[in-house]
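S.K.: The primary structure of each chain is shown beneath.
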Amino acid sequence: MRNAFADELKTLAASNHQIVLLSGDIGNRLFDPYKKEFLERFFNCGVAEANMTGMAAGMALCGLRPITYTITPFNTTRCLEQIRIDVCYHELPVIIVGVGAGLSYAGLGGTHHACEDIALLRALPNMTVICPADAVEVRLALRAALSHNGPVYIRLGKKNEPVIHKKQPQFIIGKGIIIRQGSDICLLSTGNILPNVIESAIRLEQKGISTQVVSMHTVKPLDNEMIEDVFDRFGVVATIEEHSLIGGFGAAVAEWLSDQPPQKGRLCRLGIKDTFLHQCGNQENARTMAGLDSAKIVTKVTNYWRQRIDTHRN
Amino acid sequence: MKTDITELESVASQIRGKLVEMSHYSRAAHLGSALSCVDILVTLYWNSLAIAPDNPAAPDRDRFILSKGHAAAALFATLAMKGFFPETLLDTFGQAGGLLEEHPGPGCAPGVEAATGSLGHGLPLGIGMALASRIQSIPYRVCVLMSDGECNEGSVWEGAMFAAGKRLHNLLAIIDFNKWQATGRSCEVMALEPLEQKWRSFGWEAYEINGHDIKVLLEIMNRFPSVSGKPVAIIAHTIKGKGVSFMEDDNNWHYRIPNAQEVVKAKGELGLL
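As they're listed, the protein sequences go chains R and C. Note that my numbering has the first sequence beginning at 1, numbered continuously upward. Note that my numbering has the second sequence beginning at 1, numbered continuously upward.
If we strip away everything but chain C, and leave its shape as in the complex, we get (with noise of 0.2 Å):
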């Protein structure tokens, strides 16, 4: 378990640069979408979760869901640079014949716990994982990782309600309040704020926080599982396209592919030439 502040932020930038290059030779969007949940991500599996990368199907692991499956390079390359598999792996990322998708297909990698891609499906997934640690008396919690754009699904309010009146302590879900979804300003597309609030009145204990301070980060993760007996709902703001300066709050880079020099240019800014 990492909790050296310094070394874990290195290992996002890492991610970070890795997800760039991953866009770029696969030529595969979504890129401000990973960049945005990277530090998140960090915490969650350097940290937080216990997921052994040498054990992954472990019975009484804790399981992630990412339920933003257009993130998957990031789960993707937070997987391989903590072992699950192989970094050499991500070079099939996006390749013909390959297995890592652009959305996480089932058993598509070691750690992979779902398929994702059409939003709205991770918390009702996750929601069945929680019970089943109850019912199977296997104590272990499950974190749900979603984008903001996803809340406009119907599917997450209904297992919103469900967990709640489960009373599920177990679960967490995070949403990766980046602000932005495919075409238009999150809270401009659907009156989605005040979204804590909204959580907190479905039931769950919610709380706001900066998305991309690891340290603060680490704190919040302490409340999980919660001492009321809710299940938890963090709303992590963050900047989409996180780290890369030319990235950070253009919605352009949703679906833009960077070029070399592009990719250069963030690799110098991100501190890894």
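The shape of chain R in the complex, shown without the other chains (with noise of 0.2 Å):
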């Protein structure tokens, strides 16, 4: 994903001259081809985040389009308050790229696992948060990002991960995606977890279970207008994130859900629970430790569906 994002960073500066790229200090050899083209629209702002975001801020407050980029611990929780105060408070068009969602980085151990992110920045009056699901996704979302008037949070992966859409979909800030049609359980799922959240659609339907699959890549706005269809037609609705249960993407759809009349849905969460993780391995095994598997993921959609059934005939 970062690799898509460095690129299409370079295509859009060509013609958007209010382009700014800021960096903490990461992306070593990343930016080479923009800065190539770019030297006076880049800068390395040193291990310094609340700095990088205040001058973004003030860059923005005169017209430039400045995008901060870096790790995303660093680059949301760590100067958290520039971004409320100096981006979100004055509605000014930054754009915050955090590299490495959830669990990413895993094996660089808990201080760059980034699990309270979204929560963070949701919060926040006038943010827009968006977690593109594959690199795709990230193209589209750096071009929505830019022709939208006001702070933008994206939420990056690593690199390498599988590229889900085939075409390019249409991408529109706050409307979900949908990837594929079933009509017994629905998945939604936000972010870098798409593609264990597909494998997951693949082995229930191989149980004769017909799952939909949503890529949810705004978690704010919220696209209401496909929750409330999803959770109308299908008897399980999960929610799927690399991202703690507390305040995330499966929260905000509880919080729209307890503002409704009962719906046919059930609501079903996953995601990281409340803990740190403190064991060595990579991406994989730390999604395994979390119960973000496909495995995992199956196991409890399925009890959600048989109790629904259950429910159901008693």
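Everything labelled a hint here was simulated from the structure, so no lab data went into it. In this text, a Cβ means the ideal position worked out from N, Cα and C, and glycines have one as well.
Computed list of lysine-lysine pairs in DSBU-like fashion (alpha-carbon distance at most 30 Å, straight line):
(1) C:Lys166 x R:Lys36
(2) R:Lys220 x R:Lys296
(3) R:Lys10 x R:Lys166
(4) R:Lys159 x R:Lys175
(5) C:Lys179 x C:Lys82
(6) R:Lys35 x R:Lys10
(7) C:Lys166 x R:Lys35
(8) C:Lys166 x R:Lys10
(9) R:Lys207 x R:Lys167
Far from chain C, by Cβ distances over 10 Å, these chain R residues were calculated:
(10) Lys158
(11) Lys207
(12) Glu228
The two chains are supplied separately, each in an independent frame; assemble them into the complex guided by the hints.
M.R.: Right under this line is the structure:
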């Protein structure tokens, strides 16, 4: 995803002269092609994220379109107050890009895990939160964010994730993309966990449970129309995210649900429990520990589905 | 551009009188912090900065950021007296439904460049603006007014290092060194001194001056933008509560609100009665 981001940014910067890239001493070599053409619009801001975010806001106050980029926790929770006040309070078109969503950098330890960022940034007024699922969505998200006149947070994975979209889908901020159709269960996925969700859907189909998959790339604003539709049509609606169960995408859907009359669908939330992960391992290991591998997703969703059938029988 | 010192001092006294009244009527704190930076604001707005009251959004204007947002009243009174907006708007300061809050909000009044109030934000904002000048090839200068207590914030020193590294000669930081922060002597709460040397060692041109001497302030502003190419820091020695004898260097006036008698007494001392 990060390679797609760097490449797309270079393309867009050629025609949009307001684009300025601010990096928090990260992306070694990644931005060399961009720097080669737009060195005057690139700043390595050092390991100083508060200053980087404030500077981006200052640039936006002068009509520029700054983009800050570093590892997710350092570009979100580390400088949260600068995002809140300098960017969101002023309602400025600053794009904050976090690389290493969720457990992408699992092996680097808890300091580099990013499982609270959606919750914190979603709570900020004026903020838009986008979690692209693959490289295609990254490119489209960046274009959409640059057309949006306000703060946007884009949560990237890292690199070499599977590309899901074989064709370029229509990408509108706040509108989910249906990946596959189904009729029993609907899996709402946000961000980089989508490949696991699709694998889960295939396994569920093999068990005879017809499963729909939606890429909910935008967590805020929530696609209320889509959510209303799937709770009306499916017996179980599951949210899946590589993020804490507290305050993330599933929580946003739960908030929506609590404001509605009783729905046909039952909500099942999958995400990371309220704990730090302490063991070594890569992203795949960490996902398994967190219950986000496709086998565990299938088990949990199937249980919800069976319980629902049992309830109906009684 | 005004250079008559007596005239500028008279403007400063009028602003100080207005601040005492505003604090009284709106029951807003931070009067001592507002009074300490008045002479600096008068020098900047009446002489040194190129910001036209009738065109406060001109792309090539100089930028001023009140990073010590708790002195909002001083900025509002300065802008009103300079003609950015009618002085009657000051009556809405801190009043329910009004837009002039005790810390300036975004776009709350013409001439207010940025929302501030949480300390340590103004310098990074100003650096971004100074860089924008360079990127967009629009020459202007950026001035950030900070408090001494504000220099506790790490983001100030992140910004200081960055600005020096990029040789932002069009950036000026003024520290209103009034020797107090909210609940203690600023040199006792943290090892603030030697402040001038700190800025110099961070790669800035730095000067220590009397922040109430308008003649000195006018002169020092001639050093900005710097010839050396470095950003400029002015450590302005000031007195918290300056201009009102019973408020001067008394930190109770960080939070205290003057009563009606105190307002009269203060205005008398300022030569406004």
